[in-house]
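Residue numbers (my numbering), protein chains in the order written: chain A, 1 to 262; chain B, 1 to 807.
Note that these hints are calculated values from the structure, not bench results. On a predicted model such as this, the values are computed, not experimentally measured, just so you know. One or more of the hints may lead you astray.
Claimed, not checked - Examples of chain B residues lying across from chain A (beta carbon under 8 Å, computed):
(1) Pro616
(2) Glu714
(3) Ile717
(4) Arg718
(5) Met719
(6) Ala720
(7) Leu721
(8) Gly722
(9) Ala723
(10) Lys724
(11) Asp727
Just so you know, even glycine gets a beta-carbon here, dropped at the ideal spot from N, CA and C.
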Amino acid sequence: MSEANGVNGNGTAYGMPLIQMEDVRKVFLTEEVETHALQNIYLTIQEGEFVSVAGPSGCGKSTLLSLLGLLDSPTGGAYQLDGTPVETLSASQRATIRNRHIGFIFQAFNLIGDLTVYENVELPLTYRGLPAAERKEKVQRALERVGMSHRTGHYPSQLSGGQQQRVAVARAVVGDPLILLADEPTGNLDSSNGQAVMELMGELHAEGATICMVTHDPRYAHFADRQIHIFDGQVVDSEDLSDEVARDLRESGYEAGVGREE
Amino acid sequence: MGGFLTEIRYAARALRKSPGLSGIAVLALALGIGLTTIMFSIVHGAILKGLPFEDAHRLMHLERNNLAEDIESMEVTIHDYLEWREQQQSFESLAAFYDGTINLSGTERAERYEGAFMTANAFVSLGVQPVLGRGFREDEDEPGAPPVLILGYHVWQDRFSADEDVVGSTVQVNGEQTTIIGVMPEGFRFPFLQDIWVPLRMDPLEIERGTGTTLEVYGRLRDGVSRDQATAEMQSIAQRLATAYPETNEGVGVNVKPYAEEYVGEEPRGLLFTMLGAVSLVLLIACANVANLLLARASTRSRELAIRSAIGASRLRVVLQLLGDGLVLSTAGAVLGIGIAWFGIRAFNDAIASAEPPFWIDIGLQPTVLLFVLGITVLAGVLSGILPAIQASGARVNEVLKDESWGSSGFRVGKLSRGLVVAEIALSVGLLVGAGLMIKSVANLNNIEYGFDTEEIFTARMGLFESEYPDRESRQIFFNEALRRLDGLAGVETATLATSLPGVWSGGTWFAVEGQSYDRDQDYPGANWVAITPDYFSTFSVDVVRGRAFTTADGADGMQVAIVNESFADRYFEGEDALGRRIRQGRSDSVEPWLTIVGIVPDMYLEGVEDQEDDPEGMYVPLAQADVSFLYMALRAGGSPMTLANPARDAVASVDRDVPLYWVQSLQSAIDETTWYFRVFGTLFMIFGIVALFLASVGLYGVMSAAVSNRTMEMGIRMALGAKARDVRRLVLRQGMIQIAIGVILGVALAGLLARGLEILLYRVEAWDPMTFISISLVLTAVGLLASYIPALRATRVEPIAALRYE
Numbered sequence: 001m002s003e004a005n006g007v008n009g010n011g012t013a014y015g016m017p018l019i020q021m022e023d024v025r026k027v028f029l030t031e032e033v034e035t036h037a038l039q040n041i042y043l044t045i046q047e048g049e050f051v052s053v054a055g056p057s058g059c060g061k062s063t064l065l066s067l068l069g070l071l072d073s074p075t076g077g078a079y080q081l082d083g084t085p086v087e088t089l090s091a092s093q094r095a096t097i098r099n100r101h102i103g104f105i106f107q108a109f110n111l112i113g114d115l116t117v118y119e120n121v122e123l124p125l126t127y128r129g130l131p132a133a134e135r136k137e138k139v140q141r142a143l144e145r146v147g148m149s150h151r152t153g154h155y156p157s158q159l160s161g162g163q164q165q166r167v168a169v170a171r172a173v174v175g176d177p178l179i180l181l182a183d184e185p186t187g188n189l190d191s192s193n194g195q196a197v198m199e200l201m202g203e204l205h206a207e208g209a210t211i212c213m214v215t216h217d218p219r220y221a222h223f224a225d226r227q228i229h230i231f232d233g234q235v236v237d238s239e240d241l242s243d244e245v246a247r248d249l250r251e252s253g254y255e256a257g258v259g260r261e262e
Numbered sequence: 001m002g003g004f005l006t007e008i009r010y011a012a013r014a015l016r017k018s019p020g021l022s023g024i025a026v027l028a029l030a031l032g033i034g035l036t037t038i039m040f041s042i043v044h045g046a047i048l049k050g051l052p053f054e055d056a057h058r059l060m061h062l063e064r065n066n067l068a069e070d071i072e073s074m075e076v077t078i079h080d081y082l083e084w085r086e087q088q089q090s091f092e093s094l095a096a097f098y099d100g101t102i103n104l105s106g107t108e109r110a111e112r113y114e115g116a117f118m119t120a121n122a123f124v125s126l127g128v129q130p131v132l133g134r135g136f137r138e139d140e141d142e143p144g145a146p147p148v149l150i151l152g153y154h155v156w157q158d159r160f161s162a163d164e165d166v167v168g169s170t171v172q173v174n175g176e177q178t179t180i181i182g183v184m185p186e187g188f189r190f191p192f193l194q195d196i197w198v199p200l201r202m203d204p205l206e207i208e209r210g211t212g213t214t215l216e217v218y219g220r221l222r223d224g225v226s227r228d229q230a231t232a233e234m235q236s237i238a239q240r241l242a243t244a245y246p247e248t249n250e251g252v253g254v255n256v257k258p259y260a261e262e263y264v265g266e267e268p269r270g271l272l273f274t275m276l277g278a279v280s281l282v283l284l285i286a287c288a289n290v291a292n293l294l295l296a297r298a299s300t301r302s303r304e305l306a307i308r309s310a311i312g313a314s315r316l317r318v319v320l321q322l323l324g325d326g327l328v329l330s331t332a333g334a335v336l337g338i339g340i341a342w343f344g345i346r347a348f349n350d351a352i353a354s355a356e357p358p359f360w361i362d363i364g365l366q367p368t369v370l371l372f373v374l375g376i377t378v379l380a381g382v383l384s385g386i387l388p389a390i391q392a393s394g395a396r397v398n399e400v401l402k403d404e405s406w407g408s409s410g411f412r413v414g415k416l417s418r419g420l421v422v423a424e425i426a427l428s429v430g431l432l433v434g435a436g437l438m439i440k441s442v443a444n445l446n447n448i449e450y451g452f453d454t455e456e457i458f459t460a461r462m463g464l465f466e467s468e469y470p471d472r473e474s475r476q477i478f479f480n481e482a483l484r485r486l487d488g489l490a491g492v493e494t495a496t497l498a499t500s501l502p503g504v505w506s507g508g509t510w511f512a513v514e515g516q517s518y519d520r521d522q523d524y525p526g527a528n529w530v531a532i533t534p535d536y537f538s539t540f541s542v543d544v545v546r547g548r549a550f551t552t553a554d555g556a557d558g559m560q561v562a563i564v565n566e567s568f569a570d571r572y573f574e575g576e577d578a579l580g581r582r583i584r585q586g587r588s589d590s591v592e593p594w595l596t597i598v599g600i601v602p603d604m605y606l607e608g609v610e611d612q613e614d615d616p617e618g619m620y621v622p623l624a625q626a627d628v629s630f631l632y633m634a635l636r637a638g639g640s641p642m643t644l645a646n647p648a649r650d651a652v653a654s655v656d657r658d659v660p661l662y663w664v665q666s667l668q669s670a671i672d673e674t675t676w677y678f679r680v681f682g683t684l685f686m687i688f689g690i691v692a693l694f695l696a697s698v699g700l701y702g703v704m705s706a707a708v709s710n711r712t713m714e715m716g717i718r719m720a721l722g723a724k725a726r727d728v729r730r731l732v733l734r735q736g737m738i739q740i741a742i743g744v745i746l747g748v749a750l751a752g753l754l755a756r757g758l759e760i761l762l763y764r765v766e767a768w769d770p771m772t773f774i775s776i777s778l779v780l781t782a783v784g785l786l787a788s789y790i791p792a793l794r795a796t797r798v799e800p801i802a803a804l805r806y807e
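Just chain B, same shape as in the assembly (with noise of 0.2 Å):
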């Protein structure tokens, strides 16, 4: 150990004496060093830390499934859920919940927050108790039972300024007077990201079988069962259920999982772990670098480990030696590295905040982040300082002490040198060719013609009670007052509000084409369907292709009427006119009355943005022919849209104190926002193959300048045997050719292998772009030429008198 430590110290001081190897030694580690941990530290906060409750990986989430009908998951019926309580044996509890937005007021303006509706047993499957108050008492979700309500940190910090004599008092909650009996613990955010917790007071009696909202199930497992015990009990349990009810459960199974994989699911799981093994290829293409360098400088160093070998030193204390040169480059590597990986993961942390990713993904420099960083910088280190260590330590001491191995200019590591760069340049290749898909990809979103204005549109949603709002008159009322008021605001061109925004998503229905007959109920086509007021298509200036808009005269009481976009126009009435003709909602058993089809709009995106899956086909009815209890409002502003947001909040406020507004962005940010993970990965991926390819060409440089410099008494040789310079060029750029094809082919299969695991991440380009394979490799070997070619200009340079040292 001794020994090695006075390696090191003997490493340290002459890697001080070439700072500019040196230099550029830590650089390429730190590079790669930083990267790996930046992708990591997304790994293990998103993955592998899990949930932070004890035993946390017990924990899991079940759902139903019906593989007949290739049904992968289904949320769980009140009935199955209580079914499933009753009879299983392998869980300690199951708990179960769904979440949606909870409207407090009663205290101050009103709030909606994120919310879970939970059943009482749901925090002692966690293992969790509040800070202040209790937790939900069994009886709590019982139907009829006194509604009580558990905040979260945050929420009692800013709302209640942490007024522990919060715990008692009541407050309204989406509109019924509420009892606050408890805080959740600071960073307690389950079961995703939620505010406010109340019971689930659901009563089964009261719901018909199979139908319902559905529910999240969740549940600890008991000590010494296994996952696949508990599926096995949980699947006898759904087959007894299906004999029992086969009309609501027959073919129905259950899928049991860790509950954190429900919210990170199969695809993101892959896509960051192939994201990690592309980032550890910038690290490898780091090490190869480094390794290049040692080789370069073990082969000037040939003299002095001989005279090591010479005096006693044995092969392993000169290997020790070498490995020392790796491992002081990789440590120095490392700092520089958490430094670049702090910073990276504050400015991912930024990106993804609008995303909110659920309360237990906890992206930084943890602890088991910076044992990973150990790791990898010991591994680093030794994979850079391995491969100079066996080369240099085997050189046989007598010749290399005789000076030169009679008079061939064979340059022993040059075989090895220009296998690392063949290497580096196929692992730049499949980084590259995933970083220009990503280029392309980013590139398609920010260049989608959406058709409609997407800048100056402010947007809010809105909710109301049935508790306040009973009927669907109320309701209108309701929305046709804060609609008024809202046009009305200064700075708003039009107003409109609907049931969902262009480009961000929208409900689907299905329906029936007069005229046609459908055998079976899923025969029966689907589309995207929004409800909306008239001025709904001059707010976002869209013109109506054929027909008309909406107007006012389209009232409850009026023609049932509906327009359609073109997608829908072409697809069910082709080479027809759709105008005139009659549609209805639902399917075989529907009661809807029939839609006259008054208008065809341009298709806009109703399906979001993100859907790559091409379903544009699209229905509007009016808002006043719908019945709706949330709605988003769309307001056009001559400027600003988010200087409209007080303004607004203020107008709907007028109307009813308690309505908040949430979700309050310009149209832009939401459609943006839906289409985060595309850009951020994108991003990132970006960034690792534009450092891949710095390392992969500052390595052929180098390896280039070091074979030239090498060869420097072979260039003599064949200069007095006649070579030109154009004749050394062409050596010189021919073995770099060589080895550019060897590695552009090699990385091309590299990043057909990639680019399968990016597919997600890709928006509107194919895994097998070939235009970005060619443009990529193409742009590789022009890179690597140009690093050739500046060694090969500096070779023919070479005056061979010089290099045949002569004198």
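So here's chain A without its partners, still in its complex pose (with noise of 0.2 Å):
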């Protein structure tokens, strides 16, 4: 088990736990054989905390997110998001859980192709059932916010790649969730563009924004307040990045990748 408090980006100090998980446990049965994709998972997320998520692949980050998200359901174990426990709820129930309190960020940005980049992004809100006016205003917000706001009637395909991950991310937070979970967001991009976006998720959560993001870019993962290690479905260590000398040690470690890179 792991736990952290701290500060968030502004420095400001974190509040109440947001994510609580208590020996949640996945395990996948396919033709008689169980894969134990996760297992023992204490799992704590302060409101307004950036953390990252790194391991190997088929470690099951993925599914710990995917849990995070309520895209699935724990096989064990307790989960409680913002004080609520959310392991037993109805898909229906996740439903609308996943539209008003998780924004989700996809590593293949998973727009959809036959709407503009304003439908795209109005889509939450309009499973939310708001009016349009402030499904608008709403919508204009979170473009401006990441910088796309005069490609609104552009459709994904005249995107690229990085804008899309851009409207990805407006659509994310659109609906002001409690939490942005990002699975790889920068896994399709260029550096530059890798860049551009992590720059946006900082800003992000500079802007009080509680975010988990999966990633195995050591470079990006030391964007996150604390990075939690994956192996074999196991949390092995939990490392604070949260004090001056590791944001110092972050940033300097995430200029010379890009250097390297270059």
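From the two separate chains plus the hints, produce the assembled complex.
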């Protein structure tokens, strides 16, 4: 088990635990073979915290993110989101929580090709049943926040990868979620676009967003306040990067990383 | 070519690997090809093939018209025919005939055959020679020439046991000793469906110009003469005749048209081509289905195709490979389709057998039809394969090989598929509205309230010839005696003789109402006219509404009387009592006696149920007060009417062994015979509609399913963003509904066009029948929604995590 309290990017103290997982496990049953994707997971994420989850391919980090995002249910254990137990909710209740409290950013962007930039960003608000005027205002704000307000009528196929991911970020934040879950958000991007997206994530965090990001790129992992390492379905350590030194280290590592790449 | 064959082999192998998809595609194409083949074989047999004579397309039918009097076609009088024959240069020769039944007796039991009275040059014009004996000699159609006869092949086979010595022997033909001079080849039944031919021996000198039995005229165009040139020449002859004989020929023109068109006229031709067009829509739906299945398959195969491209396959090669898929499927469909067509054509031939189509109409899987099948098979294969081929061959290889195109979930073939489904729905609505109109039409036919018995009535016709029954009295004696014996038969409840049968047809007459004045002959009204014996109404279980039925007291010497039907009474004696009023047959020059109306009876479809122009007014006169030679009998049987066939023949033969019965059938089948084409083509069209509905719903389901599975990723994204089951369901259904709505709107427009072409097949149904249009649109919408709902339900079961392929 690992727990961490600290300060967010603005140096303010974290609030109440937003996410609390206790002894969570996930077992996949395929053709009578049990695969323990996750086990013995104890995880707390405070409001305003930026946590990165790292680990080798297939270690279970994406499974953890899908449990966190209520895209999947744990096989056992307890999971409280914002103080509410969510591990036994119905599909419909989970959909409501995803819609209201969780924002997703995917590696493959996952924009809907037949919808414009505006419509893609508007989609979560449509499911929430907000009136059109309110939706419009929020969508505009979200697109401005990611610098894509000039591309509202474009289709995803007309955008570069970096632009698509920024739209995806706008879609994730448009509903003012409690937490942003990002799964390898730079995985499909070149380094400059990856940097831009990470800067955007950094800004969101600085504005108070709680973020949990899966990545195996060490440059971007250091963007987070805290890094969780998963190996073979278990959390092996949690490294607090929230102090000043660590932040300096993170920034210098990030800079160095970019320099090496180029 | 070798490369293409290789692609065909690959295609066959690949299609065998997905038997479900291939099976559906083959079934769809088999239905499309099968039905199209049935319809084409009908069009080919009835219209395209023509008469089985050399250069048959040069054989023309000639008739008169009088456009000034709105008469589009009239048969030709003997005088005009002779003038035409004399003056014309456009035809090798002009021949003429009239058809009628011919009574053959003198060897064994008398029998009546369909026959034709032909000019001596009749067979020369056709270029057909007898297989036995000779044709008519030039002088044999002259008045007073010794009577001769040519037998049809199957009469020779059946009645004369194919005896080669039959030529030179004599038989009684319509009461006249006649020498058999020849036997025509098998299958020859010119001009229509004839079995016996005798020379037309009309004496123009004995007939007043403009009167007499009218003739059908035909001739073969000379080499190098066109139909238009012949028409122009005939018109100028007609003008000369009009000048010479203004009284009979003023305003009379000439129509010249290909012979077969006289018997399969413009309306039926239009109908057959409309039906061929309609069934082509079924084939198109099938092709759209297969194209959609192949599109779905091509999108899952895009990686394989990209690999092929990457290792050097040209775009053409990829196109050929996918076209190969379509051709393999359509060939398999054609094999099954020919089987379907074989059964369908057999059923169609059985269904029309009672209608006795002209002899040259031969509907079957002939070489031309098989060639057509080959053509549509290739066409269907190309149509099915071309869209998927172009679509898939145009994919950007690099992107496909890199697997994902930037993570946006656009399914590129979606629009094309959806377009095809819209087309399918539109075509189906068109066909189904047609089918719906047919169903209503056939239901109307089946639910006719005749107002008289049709089921237990036996009917047959008999005729007397002047040579043996030269006067009215002798004919009356025969009919009275025949009726007495028929009435006395075991199993006969009541019997009647009449000039026509209710529900089938009747003759008509001009008449005058006493007390009315008519300025011109054209102002005299007309009505159906039937001569009947006293038990006519009781035989058909019809009660006299007012007044009385005829009795034996209404004899030739008694008061001249008539019975009219209610429509007649309402129309000509509106608000008055028709009973006791008098009417007279004929127009201003009539010498007929005034008839006192003694009874009013219900309407009995005297004009025939087939006639949709409401013209039901009718009058009846006692047979004893009329003079007729040909009569129907109607016998009410206690049970099955056809058990009376042999006893009735024997009863009439016992009065005169040379008077045979013909057109022997129950009243119901006599009525059904007049409406066969409503039923046969109605049924055919219903089959088209149902197959179209089946194919369209399979198509819609297939496309919606494919769309859902191709959009699994999108469903996952939406659910991750908070979409609930009902949101996803609504999304899928909405897409289905948009397609259905567009398809239905287009389909209604198409149906409007189709319905106009089908108008002549509609029995008491408007081509724009709103109920049919609305209900078919609703049915198709419901079926379409169901076809979308199942994939929609499946979409809601998508686990977002599975959809996003998270791990």
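Which numbered hints turn out to be false for this structure? 1
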